[in-house]
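Number of protein chains: 2
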Amino acid sequence: MTKPSLPQGTRDFGPDVVRKRNYIFNTIRNVFELYGFQPLETPAMENLDTLMGKYGEEGDKLIFKILNNGLDNADKEKQIREDFEKVLQGKNVKGITERALKYDLTIPFARYVAINHNQLSFPFKRYQIQPVWRADRPQKGRYREFYQCDADVVGSNSLLNEAELALIYHQVFTQLGIKNYEVKINHRKILTALAELCGGAEKMNEIAIAIDKLDKIGVEKVKDELKQKGLNENQLTVVERYLAVEGNNSEKMDALNTLIGTTESGRKGIEDLKEIFNNPHLSSISYQLDPTLARGLNYYTGIIFEAKASEEVKIGSIGGGGRYDDLTGLFGVPNIPGVGISFGVDRIYDVMEELNLFPDDVHVGTQILFFNLGENESKAAFTIMQQLRNKNIRCELYHENVKFDKQFKYAEKKNIPYVIIIGSKELEENTCTIKNLLQNSQQTISQQELLNYDF
Amino acid sequence: MTKPSLPQGTRDFGPDVVRKRNYIFNTIRNVFELYGFQPLETPAMENLDTLMGKYGEEGDKLIFKILNNGLDNADKEKQIREDFEKVLQGKNVKGITERALKYDLTIPFARYVAINHNQLSFPFKRYQIQPVWRADRPQKGRYREFYQCDADVVGSNSLLNEAELALIYHQVFTQLGIKNYEVKINHRKILTALAELCGGAEKMNEIAIAIDKLDKIGVEKVKDELKQKGLNENQLTVVERYLAVEGNNSEKMDALNTLIGTTESGRKGIEDLKEIFNNPHLSSISYQLDPTLARGLNYYTGIIFEAKASEEVKIGSIGGGGRYDDLTGLFGVPNIPGVGISFGVDRIYDVMEELNLFPDDVHVGTQILFFNLGENESKAAFTIMQQLRNKNIRCELYHENVKFDKQFKYAEKKNIPYVIIIGSKELEENTCTIKNLLQNSQQTISQQELLNYDF
Numbered sequence: 001m002t003k004p005s006l007p008q009g010t011r012d013f014g015p016d017v018v019r020k021r022n023y024i025f026n027t028i029r030n031v032f033e034l035y036g037f038q039p040l041e042t043p044a045m046e047n048l049d050t051l052m053g054k055y056g057e058e059g060d061k062l063i064f065k066i067l068n069n070g071l072d073n074a075d076k077e078k079q080i081r082e083d084f085e086k087v088l089q090g091k092n093v094k095g096i097t098e099r100a101l102k103y104d105l106t107i108p109f110a111r112y113v114a115i116n117h118n119q120l121s122f123p124f125k126r127y128q129i130q131p132v133w134r135a136d137r138p139q140k141g142r143y144r145e146f147y148q149c150d151a152d153v154v155g156s157n158s159l160l161n162e163a164e165l166a167l168i169y170h171q172v173f174t175q176l177g178i179k180n181y182e183v184k185i186n187h188r189k190i191l192t193a194l195a196e197l198c199g200g201a202e203k204m205n206e207i208a209i210a211i212d213k214l215d216k217i218g219v220e221k222v223k224d225e226l227k228q229k230g231l232n233e234n235q236l237t238v239v240e241r242y243l244a245v246e247g248n249n250s251e252k253m254d255a256l257n258t259l260i261g262t263t264e265s266g267r268k269g270i271e272d273l274k275e276i277f278n279n280p281h282l283s284s285i286s287y288q289l290d291p292t293l294a295r296g297l298n299y300y301t302g303i304i305f306e307a308k309a310s311e312e313v314k315i316g317s318i319g320g321g322g323r324y325d326d327l328t329g330l331f332g333v334p335n336i337p338g339v340g341i342s343f344g345v346d347r348i349y350d351v352m353e354e355l356n357l358f359p360d361d362v363h364v365g366t367q368i369l370f371f372n373l374g375e376n377e378s379k380a381a382f383t384i385m386q387q388l389r390n391k392n393i394r395c396e397l398y399h400e401n402v403k404f405d406k407q408f409k410y411a412e413k414k415n416i417p418y419v420i421i422i423g424s425k426e427l428e429e430n431t432c433t434i435k436n437l438l439q440n441s442q443q444t445i446s447q448q449e450l451l452n453y454d455f
Numbered sequence: 456m457t458k459p460s461l462p463q464g465t466r467d468f469g470p471d472v473v474r475k476r477n478y479i480f481n482t483i484r485n486v487f488e489l490y491g492f493q494p495l496e497t498p499a500m501e502n503l504d505t506l507m508g509k510y511g512e513e514g515d516k517l518i519f520k521i522l523n524n525g526l527d528n529a530d531k532e533k534q535i536r537e538d539f540e541k542v543l544q545g546k547n548v549k550g551i552t553e554r555a556l557k558y559d560l561t562i563p564f565a566r567y568v569a570i571n572h573n574q575l576s577f578p579f580k581r582y583q584i585q586p587v588w589r590a591d592r593p594q595k596g597r598y599r600e601f602y603q604c605d606a607d608v609v610g611s612n613s614l615l616n617e618a619e620l621a622l623i624y625h626q627v628f629t630q631l632g633i634k635n636y637e638v639k640i641n642h643r644k645i646l647t648a649l650a651e652l653c654g655g656a657e658k659m660n661e662i663a664i665a666i667d668k669l670d671k672i673g674v675e676k677v678k679d680e681l682k683q684k685g686l687n688e689n690q691l692t693v694v695e696r697y698l699a700v701e702g703n704n705s706e707k708m709d710a711l712n713t714l715i716g717t718t719e720s721g722r723k724g725i726e727d728l729k730e731i732f733n734n735p736h737l738s739s740i741s742y743q744l745d746p747t748l749a750r751g752l753n754y755y756t757g758i759i760f761e762a763k764a765s766e767e768v769k770i771g772s773i774g775g776g777g778r779y780d781d782l783t784g785l786f787g788v789p790n791i792p793g794v795g796i797s798f799g800v801d802r803i804y805d806v807m808e809e810l811n812l813f814p815d816d817v818h819v820g821t822q823i824l825f826f827n828l829g830e831n832e833s834k835a836a837f838t839i840m841q842q843l844r845n846k847n848i849r850c851e852l853y854h855e856n857v858k859f860d861k862q863f864k865y866a867e868k869k870n871i872p873y874v875i876i877i878g879s880k881e882l883e884e885n886t887c888t889i890k891n892l893l894q895n896s897q898q899t900i901s902q903q904e905l906l907n908y909d910f
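Protein chains in written order, with the working numbering: chain W, 1 to 455; chain H, 456 to 910.
Calculated directly from the structure, the hints in this document are not laboratory data. Note that the structure is a prediction, hence the values are computed from the model and not measured. Any given hint could turn out to be false.
Stated by the list, open to error - Listing some non-contacts, in silico: residues in chain H with all C-beta distances to chain W over 10 Å: (1) N635; (2) K682; (3) N703; (4) N704; (5) T717; (6) S741; (7) D745; (8) N753; (9) Y754; (10) D780; (11) G829; (12) Q903.
What the hints assert, rightly or not - Pairs of lysine-lysine residues, derived as PhoX-like cross-links and limited to a Cα-Cα distance of at most 20 Å, are as follows: (13) H:K509 with W:K3; (14) W:K274 with H:K834; (15) H:K880 with H:K834; (16) H:K858 with H:K834; (17) W:K379 with H:K729.
Ideal Cβ placement from N, Cα and C applies to all residues, glycine included.
Isolated chain W (complex conformation):
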């Protein structure tokens, strides 16, 4: 007999949690649909080739690989032994694994577009809400199986898309009741421009990683780090001026223009940002140009986003995204530019719990529990129940005739708001007693009235 347990870093979601998570998923899904995005689902498994080498060396290690079947096949033993030697030497692993669990939704999406590009009509706007798996060390808020929630447009260079994605953040957070969110915006070409002025474009990643820490370690330590990376005093002065850029969005744009507008990259970045900031609809949303925003993923080439919850909850990033020039190029289909965003659903869930933002009735599944008070009584209840179900009202008849207490307790534990009692007296009089457990009230009405009752 097995003592049951769950794999580390994975979770069961019981009914209450599923309902709350679905509330978030449905809100996001509806907004994606309002903006013309279409659903896509790809399998949990991908060929190992599709995934390996796409997430850097560290990423490769975090991919969950699936054991090939047939390891118990004696005919194959020699081959398997040889392959296993290679695995132990850190080389090819094909002999024992050819498939893996997907690590994110972006690479499978690129793979899908590459396979189907001749059938798709571009721009192709898809959203995808599915689990992904990472063999990371589990810790608070970090899981080995978790949902991602992405929307991407591919096949369009228009900055209309960026404006709409920013509006999607606004609309989702507003509908969820997350008020003090902030969408930070930057442009990879602005970071490129800074790097060009500080020793060359190839330094961009190092510089981006350092300045991204400004909030945590302060300007002096950022400069120390960059000094170690070989930046000279002049270059450090440029970085310092860059980090000092402040004010409202248009003041920041002016300052950046002075600082990096002399480079081609800088000009292009500023131009793009201006275009989306000029969209009058963005004035109603809470976005902020943040020149230190970098986003880790190397495939971003244009505008980048990060969404944060309000300071009070200290939960950090609840979404991110950006523009990329050539994702499907990885799979032999070049020149399909795109832009996308993602929502961090686990963190959004935590924010909503902490700020008590879920609606009061998010727990309600069954609306009515019919008490079971004997054979004839429950037959009558069953008949009424079927009529209510045909009117799309969710109800249950308690499964056995036991005392009131136990039946009440069941209703309470299951968050059922109404209880209906048909005992021998009610049966005789064709009535029923409705108890509203939330308001602690009750009334007796005819069974006919019950069918038109406003639950």
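Based on these hints, arrange chain H on the given structure of chain W.
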């Protein structure tokens, strides 16, 4: 560069297919909720211990195992080598795999109940709609990754549950428009009784497997098979009489009663069936007592179900289920009886395609495409579009100003029913032209009227 492909037996679901599948899932989910079932989600991964040994020897082989991470860890090499030897000898596999992908939803559900039984309120009614994985040889209609769709009640012996599950089949198929479905019902104890009369209860599986083939191979070959299994002529006569049971449900009940009602198992089986057949609500649904129905899974102990689509589509079983006495006993928590059913979503999808049962508008995502006819025109369109989106109308603005043809084609390929044109003339007059692509009609109205248009 990788030439992209999908793992054998897995599928991408593009937008149209996802919408159709969601139509089925949502219908089933709503009916489950109408009957008081609550959602549960368990992880894709389970500990290998949880799954192994639960599906028979063949089943164990079909479980997809996940490779442990850290195979590239030099410190662990000796251990890994030793463990790998054991794998090659068909023994313990812990050193290289400790986790696996779930094979069905039932065992993870039992594991969940066993872990959480102190917190749950019984009867616990859960539904679960999630993918499962099997390393089966892929063929038409058989996949390595597919969805299961289950509802189970645990912690109740009441046959009310069986009656409701039969009604759920009826309600789901009716809502989906699948008219000539049939729910076959039998009772494992009736099969036990037959076996007891034919050489002993331990023969039940062999007898069940043989008589289940009646439709395909005919009565003589069934008898041949059973003769080889050691049944004597008297016993074969009993089987023949059993297979000859026919008529309507109550005639069949009478015949079975004569044949096997002398045994305790037989009496109990007939009693249970009588009770649920007496539920007046079942008279409206299409069910049929089928004494040859066996269902493969050994854990069934009571009433069993199988749902079939009409003969015309030749797709066979589209659902099944039954009662079990002690599923959580596998995980050390005995005495929690239960009953459940399952829907075969891939097959239901095929039935609906073949009979053309999906609603005409199942493809419609975006309702309106605004044409892009220049900078000022599209700015005006964008403003109207945001107002419509706030009214929950799904719309898009084409991403660039190109000729009409291309924009029309986009709308058509995406099944968008309305196109709205705001050109320079409309911009000046504050009007717009609406084209209904389905009806091939158009009209020009004021932009104010558009906001109250009934799409």
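Now for the hints, and whether the structure bears them out:
1. Interface exclusion of H:N635 from chain W stands, the closest Cβ pair being 21 Å apart, more than 10 Å.
2. The beta carbon of H:K682 is kept farther than 10 Å from every beta carbon of chain W, the shortest such distance being approximately 35 Å.
3. With a closest Cβ-Cβ approach of about 23 Å to chain W, H:N703 is found to remain outside the 10 Å limit, as its non-interface label requires.
4. Consistency note on H:N704: stated as away from chain W, and its beta-carbon is indeed over 10 Å from all of that chain's, at 20 Å minimum.
5. The beta carbon of H:T717 is kept farther than 10 Å from every beta carbon of chain W, the shortest such distance being approximately 28 Å.
6. Consistency note on H:S741: stated as away from chain W, and its beta-carbon is indeed over 10 Å from all of that chain's, at 16 Å minimum.
7. Annotated as non-interface, H:D745 keeps its C-beta farther than 10 Å from every C-beta of chain W; the closest such distance is 25 Å.
8. With a minimum CB-CB distance of about 17 Å to chain W, H:N753 clears the 10 Å threshold, and the non-interface call stands.
9. Every CB of chain W is more than 10 Å from the CB of H:Y754 (nearest about 15 Å), matching its label as outside the interface.
10. Every CB of chain W lies more than 10 Å from the CB of H:D780, the least distance being 16 Å, so the non-interface label holds.
11. At roughly 13 Å, the least C-beta separation between H:G829 and chain W is larger than 10 Å, which holds for a residue marked as non-interface.
12. Once the 10 Å rule is applied to beta carbons, H:Q903 is consistent with being away from chain W; the minimum gap is 19 Å.
13. Distance restraint check for H:K509 and W:K3: the Cα-Cα separation of roughly 14 Å lies within the 20 Å cut-off, and the hinted pair is therefore satisfied.
14. Of the pairs offered as hints, the one joining W:K274 and H:K834 holds, with about 16 Å between alpha carbons and a cut-off of 20 Å not exceeded.
15. For the suggested pair H:K880 and H:K834, the alpha carbons sit about 15 Å apart, so the restraint of at most 20 Å is met.
16. For a cut-off of 20 Å, the pair hint linking H:K858 to H:K834 stands: about 18 Å separates their Cα positions.
17. Taking the CA atoms of W:K379 and H:K729, the gap is near 16 Å; set against the 20 Å cutoff, the hint holds.
When the structure is compared with the earlier hints, no violation turns up for any of them.
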